[in-house]
Amino acid sequence: MHELSIVADLFTIIEEKARETGARRVTKVRVLIGELSGVVPELFRTAFHSYKKGTIADRARLEIKITRIKFKCQSCGKEIKTNNISRPDFSYACPFCGSKEVELVSGRDLYLEKLEIEI
Amino acid sequence: MEKTKKEVLVLEDILGSNKKIAGSIRKKLQEKGILSINLLSSPGSGKTTLLEKLGTKLQGQYKIGVIEGDVETERDSERIRKIGLPAWQITTHGACHLEAKMLARIFDQIPADLDFLFIENVGNLVCPASFDLGENLRFVLLSIPEGDDKPRKYPEAFITSQALVITKCDLLPYLPYDLERVIKEALEINPKLEVFQTSALTGEGLDAIYRYLEKKLQELRTKNA
Chain A
36 MHELSIVADL FTIIEEKARE TGARRVTKVR VLIGELSGVV PELFRTAFHS
86 YKKGTIADRA RLEIKITRIK FKCQSCGKEI KTNNISRPDF SYACPFCGSK
136 EVELVSGRDL YLEKLEIEI
Chain B
-16 MEKTKKEVLV LEDILGSNKK IAGSIRKKLQ EKGILSINLL SSPGSGKTTL
34 LEKLGTKLQG QYKIGVIEGD VETERDSERI RKIGLPAWQI TTHGACHLEA
84 KMLARIFDQI PADLDFLFIE NVGNLVCPAS FDLGENLRFV LLSIPEGDDK
134 PRKYPEAFIT SQALVITKCD LLPYLPYDLE RVIKEALEIN PKLEVFQTSA
184 LTGEGLDAIY RYLEKKLQEL RTKNA
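Those protein sequences? They're chains A and B, same order as listed. Positions in the first sequence are counted from 1; adding 35 to them yields my numbering. The numbers in my numbering rise by one with no breaks, and the one at position 141 of the second sequence is 124.
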């Protein structure tokens, strides 16, 4: 359950942005959670709503967008999208040319994408 | 006063502050020519025992330090100090992983002339995988009694590691365990993993780890030269 420490870091950024923009209140928070980020969206949500109490975002809604795992093949340059790494046929190899020289380009990310604020 | 709603685009990495601290730790270690290794595994898979073996073998030739991460107690540090190595304990008091800022707090105590700095993470195969500590290498350990179905169940730990150390291989004759399956699965999700089959009890496979670490230390120092 490391979601709470990640949410604590998220609130540091929220509060900083709220100060910068002169927000009186933050009403919506939208985050991007990579499928391979190790963060469980449900637990993130619970942590968010318990942490927000008493902060500038105490009535904020949380929107979560899941970003899919994407690889790029270093040999043929094609992009590979996979929606579930735990599928039994998942393999860290390029389905087009068979190369194992593939690199993860997205899926581990954790981003605060945008805020809705009241000024 | 009238309320106005406005959307603000932020696009900021939530783990950015951890990554920044980790980056500065990595840079300092690189400058000092210290190779750091972050050890990840579930509790009881043999991280401390592996460190005792590696430490005993390498300490004649190299200077070694160990950072021990645990929820509570100094027990692991005491074990490491018993074999004559300096150890720094980080107790997280509940947190399930180490973060770069926890290392930054004790970083001044790490001698500049070390060759290897081992960081034993909190026993947990899930959460520590998300946090960069500024290490050069990440080792994921998997012991035979844990079962042969783990790599696909905990993909992040395997994808972010450079080496897989299978421990307690001396138990293989006594347990139903498909070693080939584990290695095959681990390499399917991360084909670049170095795989070591070890037993701290018999000493099997430990030489291969020493050689790997020595090679990686040389590579790090060649970059500095």
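These aren't lab readings, by the way, just hints derived from the structure by calculation. The beta-carbon is built from N, C-alpha and C at its ideal position, and this holds for glycine as well. Among these hints, one or two may not hold up.
Partial pick of chain B residues on the chain A-facing surface, computed with a CB cut under 8 angstroms [stated by the list, open to error]:
#1 Glu(-5)
#2 Ser0
#3 Lys3
#4 Ser7
#5 Glu61
#6 Arg64
#7 Lys65
#8 Ile66
#9 Glu171
We went through each hint and held it up to the structure:
The restraint placing glutamate -5 of chain B at the interface with chain A holds, with a minimum CB-CB distance near 5 angstroms, inside the 8 angstroms limit. For the restraint placing serine 0 of chain B at the interface with chain A, the shortest Cβ-Cβ distance is roughly 6 angstroms, inside the 8 angstroms limit, so the hint holds. Interface restraint check: lysine 3 of chain B against chain A, minimum CB-CB distance 11 angstroms, threshold 8 angstroms, status violated. For the restraint placing serine 7 of chain B at the interface with chain A, the shortest Cβ-Cβ distance is roughly 17 angstroms, beyond the 8 angstroms limit, so the hint is violated.
The beta carbon of glutamate 61 of chain B is not positioned within 8 angstroms of any beta carbon in chain A (closest approach about 27 angstroms), and the interface hint is therefore violated. The interface hint given for arginine 64 of chain B is violated, since its Cβ lies 29 angstroms from the closest Cβ of chain A, which is over the 8 angstroms cut-off. Among the interface hints, the one on lysine 65 of chain B is violated; its C-beta lies about 31 angstroms from the nearest C-beta in chain A, farther than the 8 angstroms criterion. Here the hint on isoleucine 66 of chain B is broken, as its CB sits about 31 angstroms from the closest CB of chain A, past 8 angstroms.
At its closest, the beta carbon of glutamate 171 of chain B sits 5 angstroms from a beta carbon of chain A; the interface hint therefore holds under the 8 angstroms criterion.
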